[in-house]
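**Student:** So the sequences go chain by chain: A and B. Every letter in the first sequence is one number past the one before it in this note's numbering, and letter 51, counting from 1, is 51. Every letter in the second sequence is one number past the one before it in this note's numbering, and letter 285, counting from 1, is 285.
These aren't lab readings, by the way, just hints derived from the structure by calculation. Fair warning: this is a prediction, and the values are worked out from it, not measured in the lab. Do not rely on the hints blindly, as some may be mistaken.
With the C-beta cut set under 8 Å, the calculated list includes, among others, these residues of chain A facing chain B [as the list claims (entries may be wrong)]:
| hint | residue |
| --- | --- |
| 1 | A33 |
| 2 | D34 |
| 3 | A50 |
| 4 | R54 |
| 5 | A58 |
| 6 | V61 |
| 7 | G124 |
| 8 | T125 |
| 9 | L128 |
| 10 | T131 |
| 11 | S132 |
| 12 | P133 |
| 13 | V134 |
| 14 | D136 |
Virtual Cβ for every residue (Gly too), placed ideally from N, Cα, C.
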Amino acid sequence: MPAAAPRPARPPAPPPRRRAPARRAETADASTADAIQRVLHPTGVPNVFAIARRDLTALFVSPVGWVVAGIFTFLVSSFGFYFTVIAGQQASMDGVFGVITTFLVPVLIPLITMRLLAEERAQGTLELLLTSPVRDWELTIGKWLGGFAFYLMLLAVTLVYVAILLVYKSGLDLGLIAATYVGLVLVGGAAVAIGLLMSSLTRNQIIAFFLAMIVLLVVWYAGYIIGYFVAPPANLFFSYVGGFNRYQSFTLGQAAVRDILYWASLAVFSLFVTERVLSSRRWR
Amino acid sequence: MIEVQGLTKYYGERAAVQDVTFSVPSGQVLGFLGPNGAGKSTTMRILTGYIGATSGSASVAGFDVFSESQEVRRRIGYLPETAPLYNEMRVAGFLTLMCKLRGVPPSRRRARVDDAIDACGLGERSEEVIGRLSRGLRQRVGLAQAIVHQPEALILDEPTAGLDPGQTRETRDLIKQLGRDRTVVLSSHILSEVEATCERVLIINEGRLVADGAPGKLAQRIGVGRKHEVELVVRGDADEVEAALREVPGVDALSSTRAEGGIVRVVVGTRVPDLREALSRAVIEGGFGLLEVQARTLSLEDVFLQLTRSEDGS
Numbered sequence: 001m002p003a004a005a006p007r008p009a010r011p012p013a014p015p016p017r018r019r020a021p022a023r024r025a026e027t028a029d030a031s032t033a034d035a036i037q038r039v040l041h042p043t044g045v046p047n048v049f050a051i052a053r054r055d056l057t058a059l060f061v062s063p064v065g066w067v068v069a070g071i072f073t074f075l076v077s078s079f080g081f082y083f084t085v086i087a088g089q090q091a092s093m094d095g096v097f098g099v100i101t102t103f104l105v106p107v108l109i110p111l112i113t114m115r116l117l118a119e120e121r122a123q124g125t126l127e128l129l130l131t132s133p134v135r136d137w138e139l140t141i142g143k144w145l146g147g148f149a150f151y152l153m154l155l156a157v158t159l160v161y162v163a164i165l166l167v168y169k170s171g172l173d174l175g176l177i178a179a180t181y182v183g184l185v186l187v188g189g190a191a192v193a194i195g196l197l198m199s200s201l202t203r204n205q206i207i208a209f210f211l212a213m214i215v216l217l218v219v220w221y222a223g224y225i226i227g228y229f230v231a232p233p234a235n236l237f238f239s240y241v242g243g244f245n246r247y248q249s250f251t252l253g254q255a256a257v258r259d260i261l262y263w264a265s266l267a268v269f270s271l272f273v274t275e276r277v278l279s280s281r282r283w284r
Numbered sequence: 001m002i003e004v005q006g007l008t009k010y011y012g013e014r015a016a017v018q019d020v021t022f023s024v025p026s027g028q029v030l031g032f033l034g035p036n037g038a039g040k041s042t043t044m045r046i047l048t049g050y051i052g053a054t055s056g057s058a059s060v061a062g063f064d065v066f067s068e069s070q071e072v073r074r075r076i077g078y079l080p081e082t083a084p085l086y087n088e089m090r091v092a093g094f095l096t097l098m099c100k101l102r103g104v105p106p107s108r109r110r111a112r113v114d115d116a117i118d119a120c121g122l123g124e125r126s127e128e129v130i131g132r133l134s135r136g137l138r139q140r141v142g143l144a145q146a147i148v149h150q151p152e153a154l155i156l157d158e159p160t161a162g163l164d165p166g167q168t169r170e171t172r173d174l175i176k177q178l179g180r181d182r183t184v185v186l187s188s189h190i191l192s193e194v195e196a197t198c199e200r201v202l203i204i205n206e207g208r209l210v211a212d213g214a215p216g217k218l219a220q221r222i223g224v225g226r227k228h229e230v231e232l233v234v235r236g237d238a239d240e241v242e243a244a245l246r247e248v249p250g251v252d253a254l255s256s257t258r259a260e261g262g263i264v265r266v267v268v269g270t271r272v273p274d275l276r277e278a279l280s281r282a283v284i285e286g287g288f289g290l291l292e293v294q295a296r297t298l299s300l301e302d303v304f305l306q307l308t309r310s311e312d313g314s
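Looking at chain A on its own, in the form it has when it is part of the complex (with noise of 0.2 Å):
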């Protein structure tokens, strides 16, 4: 008997697949994504982006994020702008300004700050971020730029008042305004990094918020204040360090190469040393 001619074998039936025709659709211009990324990831933008984006995410999330946003809020509304422009009939924006100096960078930058770093270690998912394959400064530059990105976000929120006194005043010194927002971002910069080297040390969230606000607190009034009690010229060193006179100039409208530096190499200086901080547990 001949045998039967073999059928072909039916390919066994594909599991079904959620989504199959998105994916379809997806891979139709999946050729320019993958080569972008393909160039992008050695260099580890994206990875410090997608750390950045998480991070600003969970603020969202989180109630930190919203009571410091409140908080900021209400103190910039009514101290900064109510009881300066309103009940004090003075059209400027010192008093705005004075709240972000004051108490948005001391105290609610390390609100911000405090669990970067400290939250994942108490959680655990600093190992999964560090065993994935992402370097250590793409995390610290990520955790960094989710930070002051919120940071950045409330800032912007004070535009508002800068256009409520430009339909009000007329002759409003912008560049002086102008200055200043840039005097205050590289500040926050700074802070921001600072905030993150706290973290970068504890597990503990309250210990990290403690050591960024007594840190920062040196840093902007240390320099000033023992300036005034040391004996001349150490007081000129001291006075000159200071992060208080170090952000003056910027208040007068003048965005002065060496504090732009000052402020920069504070913020870099704050992420090196959390770089060297995250790579020291794999030191023999």
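For chain A, the structure is supplied; the task is to place chain B on it using the hints.
**Tutor:** This is chain B only, laid out in the frame that chain A set:
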């Protein structure tokens, strides 16, 4: 696939891992067994590049875990102890983030996430917030993140710790399935788990490797020259039964407990491999009623206890 040579890790003065050497061929499912604090997690953390070792070397897929850490991390999936996850994220979002961080090309991310979700039975839960999931589901998300980038090797630290029996079984089946086409190293202090899932067991105690072999063989090999036990349930007067059994050659130790209705439960310790026949003959010849005879074989559990007990004789 995984080579470990003379690995030692000190935390201050205390040695967590001491001179551990082993290798895992590609495709093997290896169980790391040891009491809590024996050095299992430390070894795994070194393998995954999370911490450094004090001395010794380790490599995964030919890449040194210290000098080529990034290459190693690209090739492994790791589930740390207690499955740490971002609680505020949704399952699919979290897995997508992990895909990104592990360099999966954008066009394949969706498929990889879907595959991992399917493999871990999370289909219904993909849009739920991780913080609201039960312990068992969290563990599955932990496994899903470990496999989402399709690594060559899986390192799972206590994958079933804290799960209820049903979940434990599901997780075990999942691990077995995952182990079909990749290398898996898992740690546990639960013996039945290792027996059920692993082809090979390493027993580690106080930072040192004390045994290495297939689960069944290990029990056999270590059982030689050690005590065996036979348990009998007999109807009769306890003292008379004891006296009769003591007469049997080879009986080293004997203990009995009285149960209701004149029934005695006797456990006989011996160095003779199987004394059941001689013992039952003695019972019957003595005119007692023999209800049960059972040889207690050395289980992996006994092996484990004997190996990990701190030198108090065996």
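**Student:** Confirm or reject each hint.
**Tutor:** Hints and how they fare:
1. A33: 4 Å, holds
2. D34: 4 Å, holds
3. A50: 5 Å, holds
4. R54: 6 Å, holds
5. A58: Hint holds; A:A58 Cβ to chain B Cβ min 5 Å, cut 8 Å.
6. V61: This interface hint holds because 4 Å falls under the 8 Å limit.
7. G124: 3 Å, holds
8. T125: Cβ of A:T125 sits 5 Å from chain B, so the hint holds.
9. L128: Hint on A:L128: holds, closest Cβ of chain B at ~6 Å, below 8 Å.
10. T131: 4 Å, holds
11. S132: At about 5 Å, which falls below the 8 Å cut-off, the nearest Cβ of chain B leaves the hint on A:S132 intact, so it holds.
12. P133: 4 Å, holds
13. V134: 5 Å, holds
14. D136: Because about 10 Å separates A:D136 from the closest Cβ in chain B, which is outside the 8 Å limit, the hint is violated.
Violated hint for the displayed structure: number 14, the only one.
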